[in-house]
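First to last, the protein sequences are chains U and H. Under this note's numbering, think of the first position of the first sequence as 1, with each following residue one higher. Under this note's numbering, think of the first position of the second sequence as 337, with each following residue one higher.
The hints are simulated quantities; they were obtained by calculation from the structure and are not laboratory data. One thing to keep in mind: the hints can contain errors.
[What the hints assert, rightly or not] Over the 10 Å line for every Cβ pair with chain U, so calculated as not near, a few chain H residues:
id, residue
1, 371
2, 374
3, 448
4, 466
5, 509
6, 531
7, 619
8, 635
[Unchecked claim] The calculated SDA-like cross-link candidates involving lysine to any residue, where the alpha carbons are at most 20 Å apart (straight line), are:
id, chain 1, residue 1, chain 2, residue 2
9, U, 32, H, 666
10, U, 296, H, 638
11, H, 503, U, 78
12, U, 32, H, 503
13, U, 52, U, 32
14, H, 500, U, 313
Yeah, the Cβ is synthetic: ideal placement off N, Cα and C, and Gly gets one too.
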Amino acid sequence: MALNRRDFLKASAAGMGGALAADVHAVQREPKKLSPDAVGMLYDSTLCIGCKACMSACKQANGMPPEVAGQMEPIWDTPLETSGRTLNVIKLYQNGSADQKDRDIDGYAFMKRHCMHCVDPSCVSACPVSAMTKDPSSGIVEHHPDRCIGCRYCVYSCPFGIPKYEYDDPFGQIQKCEFCSHLQAEGKVPACCDVCPTGASLFGRVDDLQREARRRLQMQPGDEVEFPRGKLGGGQPGHLAPAPEYIQAVYGEKELGGTQILYLSAVPFDRLGLPVNVPDVGYPAISEGIQHMLYKWMLIPALLLAGLTYVVQRNIRAAGHDSDTTSDKTSDEEQS
Amino acid sequence: MSGHAPIAGRLLTKPFIVLALLFMLAVAILLARFIFGLGAVTNINDGYPWGIWIVIDVMIGTAIGCAGYAVALLVYLFNRGEYHPLIRSALMAGLFGYTLAGIAVIFDLGRYWQFYTLLLPWYVQLNSVMLEVAWCVMAYVVVLWIEFTPTFLERLGWHNIREKLSKVLFFFIALGILLPTMHQSSLGTMAVVAGHQISPLWQTQMLPALFLISALLMGYAIVPFEAILAALGLHQPLETPLLAKISAVALAVALFFLALRFGDLIWRDALGLALAGDIQALMFWVESALFIVPVLLLATRTMRTNPRLIFLAAISLLLAGSLYRINTYIIGYQPTAGATWSYFPSVTEIMVTVGIFALEVMLYLLFVKYLPVLHGAAAPPRART
């Protein structure tokens, strides 16, 4: 799907909002820490050729049906967005004449969207019944439809707009990328990383991937370098390509408390639809800050209830009537 | 006796039949929702997963239901016995608002048949604001029915049980003050985790305080609103001095809300967005005007004795609190997904909301006609109403 100008403006507006809201939170809980065994992905937009092999592999690995966008002739799988049928989508940013890849003005770039597997996920904090959980070791955010009540608070709260619900199914469920945890359990690599021909989607341990991303930022643009494919440190032969001119930042290292999916790009990240100017802590740290202040050990509510019970009982006694039948001191007042 | 009495009269009047038809239409639409899915009758989507069934039926429905909470606060906490004549009709507004909101949630839940997992200790997620709201609302519905039980017992003439209940009722009254304080504020906290997706015009850590105060405000507005409608439609006596007093309370709460709301906007340096000239800025000003107009209408003591002004101010406050909720959760919300999502409720979606409110009015008519709810009630002068 094309990231058009309107999306871009919206994303910028959202970013501005983030900037305004970012530095003011009166209460906050401790930010969550990345598990030392966390696994993740490095998506390098400059390596992506937009072949969508990852989308096809994702559908196959997760048994998802094809999806046809809008008014198009149903010829092949053409989702525009992640949805109840699509967990992973390649998008296109284009500007002006769009005649050079990885250029902001008059250029274009690819973008891959799916669950970011946040270090401090909003969906996990929001879910009332633990239907979204974060694996304490791998850090993968998984969904459990067997207990989900379908309130869609995860959909509403996700800062990356990832969990989706099946609105056209009377027994619909929430769908999102679970990083092929079923394949990882067999020692395999997530399908999208496994099939990527250029190594644009690279699987690995998060701290290794962070190092790899930093290494790429040090490269001399134009130098022919080898990019690993599949799994970082795995057996696949690498992909040779000239080093691009990266934006000097790794998206996901600190944004919203960090994500296990990292992004490198040659165009600014907001062009790719990622929220920028966001706080360095996840939003759950801010909302749970409020909740923990008010409800820790239920101490304040308990004290409040004790106080209320005392005052209410005293007032009822003092008024000389039982709690409901008042003596109606005012019943004779004028009635219009 | 309590001075509360049923007003009697025929139930099946023309307005009642219209309400019943609206309700039946909603039932038919809901049937389609359960057969074909949420997408078949609503316009909610992956960008805007929450529509009016959540924001109006549940959030605004319970805020209107805060009448019982707001009056109980005056009578039992601040020991203002003079407001006692209002307590039963206020509690009844709460009873309907909350019970129907609790039922309406089921229509919106995508996996309603697993609703019970909210009560299973091995599934509950204690950090979830939604969980706190769900538990508190469920508990408060039970408390409201207990608080309202004396009215049934009086009607049945079971004075013995009524006496016994009266001895423990103070505890439920205390709970009935605590629980709305908790969940009405949490309904605001619930938006905090949405972060940058909600415009800084509404997104703030003050949301719990602002939601709580505006819910109270709506509670104080629904009392005169309902009393004046009952006077007009059901030919009930109007207790103007009492309504003047409660309007003064509403005025004070409205001023407090406005001070907190604008103080917060200025402190966060977010007020500039109100000049952005977009739909969010426009709706911000409409919302703010609806909060400010009642302050002007109720400004002086003389104005507060004018039922017409009291009524207009109450309507404005109810709209203000409602729009504040719609703005926070829908209009101020822009999903980051990067897609061009939009949301406006479908006709069928709106008709379900209308049907639920129709049921609320039907229940009101049923209760005031057959139960001792209204204070100083008088039989209608004419045979039909």
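### Query
Hint numbers the structure violates, sorted upward?
1, 2, 3, 4, 5, 6, 9, 10, 11, 12, 13
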